[in-house]
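Line by line, the protein sequences are chains L and S.
Numbering (my numbering) for the first sequence: 1 to 254.
Numbering (my numbering) for the second sequence: 1 to 254.
It is possible that part of the hints are untrue.
Stated by the list, open to error - Estimated spans, in silico, between C-beta atoms of each pair: (1) S:Asn144 <-> L:Lys75: 45 to 51 angstroms; (2) S:Tyr189 <-> L:Glu140: 52 to 58 angstroms; (3) L:Thr9 <-> S:Ile183: 22 to 28 angstroms.
What the hints assert, rightly or not - Derived PhoX-like pairs: lysine-lysine, alpha-carbon spacing no greater than 20 angstroms straight-line: (4) S:Lys2 <-> S:Lys16; (5) L:Lys145 <-> L:Lys30; (6) S:Lys2 <-> L:Lys32; (7) S:Lys2 <-> L:Lys30; (8) S:Lys30 <-> L:Lys2; (9) L:Lys29 <-> S:Lys2; (10) L:Lys2 <-> S:Lys32; (11) L:Lys32 <-> L:Lys16; (12) S:Lys29 <-> S:Lys66; (13) L:Lys104 <-> L:Lys247; (14) S:Lys79 <-> S:Lys143; (15) S:Lys29 <-> L:Lys2; (16) S:Lys2 <-> L:Lys2; (17) S:Lys59 <-> S:Lys79; (18) S:Lys76 <-> S:Lys66; (19) S:Lys36 <-> L:Lys2; (20) L:Lys89 <-> L:Lys241; (21) S:Lys2 <-> L:Lys36; (22) S:Lys59 <-> S:Lys148; (23) S:Lys89 <-> S:Lys69; (24) L:Lys143 <-> L:Lys36.
Calculated directly from the structure, the hints in this document are not laboratory data.
Being a predicted model, the structure only gives us computed values, none of them experimental.
Beta carbons are placed, not taken as given, at the ideal position from N, Cα and C, and that holds for glycine.
There are 2 protein chains.
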Amino acid sequence: MKLELFGLTEIPLVIKGEDIDELILSSLKKQKDSLKNGDIILIAETLISKAEGNYIDLKKINPSSKAKKLAEKSKKDPKLVESIINESKEIIAVGPDFIISETKHGFVCANAGIDESNVEEGLATPMPIDPDKSAKKIYESLKNKTGKNIGVIITDTQGRAFRNGAVGVAIGCIGISPIWKRIGEKDLYGRELQTTEIGVADELAAAASLLMGQANEGVPIVIIRGFENFDKLKNTQSNIKPLIREKEFDVFRN
Amino acid sequence: MKLELFGLTEIPLVIKGEDIDELILSSLKKQKDSLKNGDIILIAETLISKAEGNYIDLKKINPSSKAKKLAEKSKKDPKLVESIINESKEIIAVGPDFIISETKHGFVCANAGIDESNVEEGLATPMPIDPDKSAKKIYESLKNKTGKNIGVIITDTQGRAFRNGAVGVAIGCIGISPIWKRIGEKDLYGRELQTTEIGVADELAAAASLLMGQANEGVPIVIIRGFENFDKLKNTQSNIKPLIREKEFDVFRN
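Please construct the entire structure, taking both the sequences and the accompanying hints into account.
And the structure:
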């Protein structure tokens, strides 16, 4: 029972059109390694947005009056605020130095997941348009080329309600179920389990984040090897939706 | 750059007065291993509560009228609800099948962290009375016996606002700072970082949870080895407080 995590090194600064699957295979080869059955590949969302050419050119943004008002309240650049509004379904909370919204994908997070780190000055990277689709493209290509059963998870770093500090979370996935449903299972004493849904994709993302860092580490891709529950959780049709709590079940917004 | 996680096996069902530090050392020895500098030891809170003899005997609880009212609303056992009230500073949200409160320690979570899994029928385990103190006792004993620089984290599994599925979180720690402050650091392009506080103890707890499981796996102790930022985060005086968001900064309760 041993779980191993390692980062892919020598990942160049990614440009539009880059094939992430080729990047993964060639980086593994350089490390004299190759994909194994059960490997879970975690990819930072910024890398995906860059490869997909999905940038926001802040200079070209023309802030609306709503954006200007929220910018004043949040002490943020009105152009960035306009972009946050564009990426959001609903603005949930605004205060000095934060804007929390629900993104178009359904994620409740700060700044609609727009990143101004690890991108050229004047540019920002929004979340990938469809992180599940991005994951699927890489997953299918890697499966075709290697024949291995793998998982692919797109990760972000997000703050939490009630706890300080951001942590790695999953925003797209395939090959593995994001939630581990353990309803009906028994504990060591034969009693029904109390906690029956584990956010396993988020736990994998948090683990990978320990290696990725957010600064100049340049480790946007991490492989988790030896996850013994992989076979139980294998799901070639999975996506991130089961991890998103629908607004109607969200006690902190109702 | 490789991170390794492994569970300690052959951990017996722990009873009151058990020395967790001895359990760790003897289990490592059986695996023909020993503590290394930089090892982070993650221990499930249920194990701590059991070793500290910290049980709730539900049969002996006499529910108050407040508990009966909340029990009706939450469809929970009034005796359990009375225990939740006893363990809490403040009840935050109640609905069918959930009670979210702030525990005496300051954690916002469901059921005040009271566990009815992996404990004898009729009993429940509350959170450890002082998880930092529990961690410190084990930490100091292990340091004295081995001379190694280590970290000790007490973990729980908690649900989140906005996301389905529970994940591993830290509720006590020592030897390593729970938050990684990266203020002033630069990204790959030399720009100031945007996300400057990483909840690294929670990421470590989430990673460990991948091995612990919550059912009958019987893996309540996990060691994380090779965390390359350990030296940066080493802190012999640390505790969990920096991870707790104070109510006044909590936008979802104000």
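Results for each hint:
1. Remark: the range hint 45 to 51 angstroms for Asn144 of chain S to Lys75 of chain L is upheld by a beta-carbon distance near 49 angstroms.
2. For Tyr189 of chain S paired with Glu140 of chain L, a C-beta distance near 32 angstroms fails the hint of 52 to 58 angstroms.
3. Judged by the Cβ atoms, the range 22 to 28 angstroms given for Thr9 of chain L and Ile183 of chain S holds: they are separated by roughly 26 angstroms.
4. Annotation: proposed proximity of Lys2 of chain S to Lys16 of chain S is violated, straight-line Cα distance about 37 angstroms (limit 20 angstroms).
5. With a C-alpha separation of about 17 angstroms, the suggested pair Lys145 of chain L and Lys30 of chain L falls inside the 20 angstroms cut-off, and the hint holds.
6. With a CA separation close to 14 angstroms, the supplied pair Lys2 of chain S and Lys32 of chain L stays within the 20 angstroms bound.
7. A distance of roughly 16 angstroms separates the Cα atoms of Lys2 of chain S and Lys30 of chain L; the hinted pair therefore holds under the 20 angstroms criterion.
8. Of the pairs offered as hints, the one joining Lys30 of chain S and Lys2 of chain L holds, with about 16 angstroms between alpha carbons and a cut-off of 20 angstroms not exceeded.
9. Note on Lys29 of chain L and Lys2 of chain S: the hinted pairing holds, with a Cα-Cα distance of about 16 angstroms set against a maximum of 20 angstroms.
10. The suggested pairing of Lys2 of chain L with Lys32 of chain S holds, with an alpha-carbon distance near 14 angstroms, which does not exceed 20 angstroms.
11. Under the criterion of a C-alpha separation no larger than 20 angstroms, the hint pairing Lys32 of chain L with Lys16 of chain L is inconsistent with the structure, at around 27 angstroms.
12. Restraint check for Lys29 of chain S and Lys66 of chain S: the C-alpha separation of about 50 angstroms exceeds 20 angstroms, so the hint is violated.
13. Using a Cα cut-off of 20 angstroms, the hinted pair Lys104 of chain L and Lys247 of chain L holds, with the two alpha carbons roughly 13 angstroms apart.
14. Of the pairs offered as hints, the one joining Lys79 of chain S and Lys143 of chain S is violated, with about 41 angstroms between alpha carbons and a cut-off of 20 angstroms exceeded.
15. Restraint check for Lys29 of chain S and Lys2 of chain L: satisfied, since their Cα atoms lie roughly 16 angstroms apart, inside the 20 angstroms limit.
16. As the CA atoms of Lys2 of chain S and Lys2 of chain L are separated by approximately 12 angstroms, the hinted pair is consistent with the 20 angstroms bound.
17. Among the hinted pairs, Lys59 of chain S with Lys79 of chain S is consistent with the structure: their alpha-carbon atoms are about 8 angstroms apart, no more than 20 angstroms.
18. With a C-alpha separation of about 13 angstroms, the suggested pair Lys76 of chain S and Lys66 of chain S falls inside the 20 angstroms cut-off, and the hint holds.
19. As the CA atoms of Lys36 of chain S and Lys2 of chain L are separated by approximately 16 angstroms, the hinted pair is consistent with the 20 angstroms bound.
20. This hinted pair checks out: Lys89 of chain L and Lys241 of chain L have alpha carbons roughly 16 angstroms apart, not beyond 20 angstroms.
21. Using a Cα cut-off of 20 angstroms, the hinted pair Lys2 of chain S and Lys36 of chain L holds, with the two alpha carbons roughly 16 angstroms apart.
22. For the hint pairing Lys59 of chain S with Lys148 of chain S, the CA-to-CA distance comes to about 44 angstroms; that exceeds 20 angstroms, so the pair is violated.
23. Taken as a hint, the Lys89 of chain S and Lys69 of chain S pair is honoured in the structure, with Cα atoms around 18 angstroms apart against an allowance of 20 angstroms.
24. With a CA separation close to 11 angstroms, the supplied pair Lys143 of chain L and Lys36 of chain L stays within the 20 angstroms bound.
Taken one by one, the earlier hints fail for this structure at numbers 2, 4, 11, 12, 14, 22, listed in ascending order.
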